[in-house]
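From just these sequences and the hints, can you work out the full model?
Every number in this note's numbering is 1 more than the matching position in the sequence shown, counting from 1.
Hints should not be assumed to be uniformly reliable.
With a straight-line Cα cutoff of 27 Å, these simulated DSS-like cross-link-like pairs (lysine-lysine) come out [what the hints assert, rightly or not]:
1) Lys171 / Lys63
2) Lys54 / Lys340
3) Lys329 / Lys340
4) Lys268 / Lys255
5) Lys290 / Lys152
6) Lys255 / Lys340
7) Lys327 / Lys171
8) Lys54 / Lys265
Label-pair distances were calculated between CB atoms; the ranges are [unchecked claim]:
9) Glu244 / Gly146: 21 to 29 Å
10) Gln272 / Gln149: 35 to 43 Å
11) Asn270 / Asn227: 21 to 29 Å
It is worth saying that the hints were derived from the structure and are not from the lab.
Every value quoted in this text rests on a predicted model; they were computed, and no experiment measured them.
Cβ atoms here follow ideal geometry from the backbone N, Cα and C, with glycine treated the same way.
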Amino acid sequence: MIRNKRFYFSMIVLLSLLLSACGQKATVTVRNGNSEDGNTSNQQSKDAPKELKKLTISVPAKSLAFLPLYMGVEKGMYAEEGIDLSVSVLKASAAVAAAISGEVPYTGSLGSTFRSTITGGSGLKVVMVTLDKLGFSLFAAKDIGSIQDLKGKAVMVTNTTGSDNYVLKKMLEKEGLDPNTFLNAVSSSTTANSYQGLLGGASQGAVLSPPYSQMAEQEGFPRLKNAIDVIQRGNAGISVTTEYLQQNGEEVEKMIRATLKSMKYIKENEQEVISFISEFFEIDPELAKGAYADTVVLFSDDGTLAEEVFMEEINEILKETNSTSKIKVSDAVDFRIVKSLAQ
2 MIRNKRFYFS
12 MIVLLSLLLS
22 ACGQKATVTV
32 RNGNSEDGNT
42 SNQQSKDAPK
52 ELKKLTISVP
62 AKSLAFLPLY
72 MGVEKGMYAE
82 EGIDLSVSVL
92 KASAAVAAAI
102 SGEVPYTGSL
112 GSTFRSTITG
122 GSGLKVVMVT
132 LDKLGFSLFA
142 AKDIGSIQDL
152 KGKAVMVTNT
162 TGSDNYVLKK
172 MLEKEGLDPN
182 TFLNAVSSST
192 TANSYQGLLG
202 GASQGAVLSP
212 PYSQMAEQEG
222 FPRLKNAIDV
232 IQRGNAGISV
242 TTEYLQQNGE
252 EVEKMIRATL
262 KSMKYIKENE
272 QEVISFISEF
282 FEIDPELAKG
292 AYADTVVLFS
302 DDGTLAEEVF
312 MEEINEILKE
322 TNSTSKIKVS
332 DAVDFRIVKS
342 LAQ
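Listed below in structure tokens is the structure:
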């Protein structure tokens with residue numbers, strides 16, 4: 002059934018990529034800690050390859066959920082593996098389409114990517130999990146004191162099929178509320194837009210992640226609930242199509258190895274990473290310190306996530322879509338490379 006639906010995805014590739022060209026795509030420039038093009042041999046360490054292969058990974062927002070990517074580029078860890086990596090912001094639908102077409106073969110988005118395979122047979126597979134817990138928090142306007150006060154209000158999420166909206170639904174269910182009717186979830190495209198919507202009064206709530214969580218708190222917006230207290234789900238990682246994995250296994254291994262190195266470096270170099278966060282996200286050092294603490298606690302220990310967590314999500318998606326498909330975790334996840342590197 003999964004393979005039979007691949008045709009549908011191929012038909013939306015062109016449309017999604019055209020949309021991304023009309024303002025949905027933005028490249029986050031972090032080039033090996035050197036000059037802007039970051040691609041000449043004299044910019045590399047002595048141990049790095051002289052010629053780097055240009056690769057791009059998409060992310061749904063410029064967020065600390067993807068700190069291992071940003072830091073890995075900054076410290077030259079991808080360059081050490083022969084990769085000149087760019088991190089590009091793409092909407093979830095465009096990211097899936099770009100991965101399928103091969104234009105942007107890697108995506109760091111986990112929730113939407115995983116769902117695309119379960120519901121539509123996109124052929125994407127999660128090959129690594131960087132954050133195995135969700136870092137989202139629900140914030141509200143200053144005159145709102147509880148989740149119950151959000152009845153009928155607009156709450157911003159990046160995408161109604163994204164992880165942040167999923168978290169919002171779980172938070173409402175935890176309070177005994179119907180997530181489909183209690184409030185109005187509004188797509189903002191990016192976490193930055195969700196924050197600005199809350200700040201400017203366009204919404205009465207927003208699901209945010211670091212560093213926007215710290216920024217919202219600094220502005221006096223109340224934090225109503227944290228995702229980590231409600232549910233465990235993967236938050237970020239690396240995904241590629243099955244075909245790309247089969248044809249470029251060595252390259253995928255290099256991407257995973259560099260990302261694991263970056264995660265280790267982040268944990269072991271707190272002050273340097275806090276300074277990087279402060280500069281990269283243009284926030285003051287105290288906010289960066291809190292953002293660092295809130296992010297590192299979400300890191301996967303070994304780049305994987307328990308199979309039962311994935312299976313629970315699969316069952317929820319199938320129930321939600323009234324599907325009778327028989328889906329296995331292995332249809333959407335392949336941890337063979339990351340497990341071999343962790344040994």
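Here's how the hints hold up against the structure:
A threshold of 27 Å between alpha carbons decides the hint, and for Lys171 with Lys63 the separation of about 24 Å falls inside it, so the pair holds. Note on Lys54 and Lys340: the hinted pairing holds, with a Cα-Cα distance of about 24 Å set against a maximum of 27 Å. The hinted pair formed by Lys329 and Lys340 meets the criterion: a straight-line CA distance of about 19 Å does not exceed 27 Å. Among the hinted pairs, Lys268 with Lys255 is consistent with the structure: their alpha-carbon atoms are about 20 Å apart, no more than 27 Å.
For the hint pairing Lys290 with Lys152, the CA-to-CA distance comes to about 34 Å; that exceeds 27 Å, so the pair is violated. A hinted pair counts as satisfied when its Cα atoms are at most 27 Å apart, and Lys255 with Lys340 qualifies at roughly 13 Å. Simply put, Lys327 and Lys171 have alpha-carbon atoms about 24 Å apart, close enough for the 27 Å limit, and the pair holds. At roughly 24 Å between alpha-carbon atoms, Lys54 and Lys265 fall within 27 Å of each other, so this suggested pair holds.
Remark: the range hint 21 to 29 Å for Glu244 to Gly146 is contradicted by a beta-carbon distance near 51 Å. Distance hint check for Gln272 and Gln149: the Cβ-Cβ separation is about 41 Å, which falls inside the suggested range of 35 to 43 Å. Checked against the hint of 21 to 29 Å, the pair Asn270 and Asn227 passes, with Cβ atoms roughly 26 Å apart.
In terms of the numbered hints stated before, the structure departs from hints 5, 9, listed from lowest to highest.
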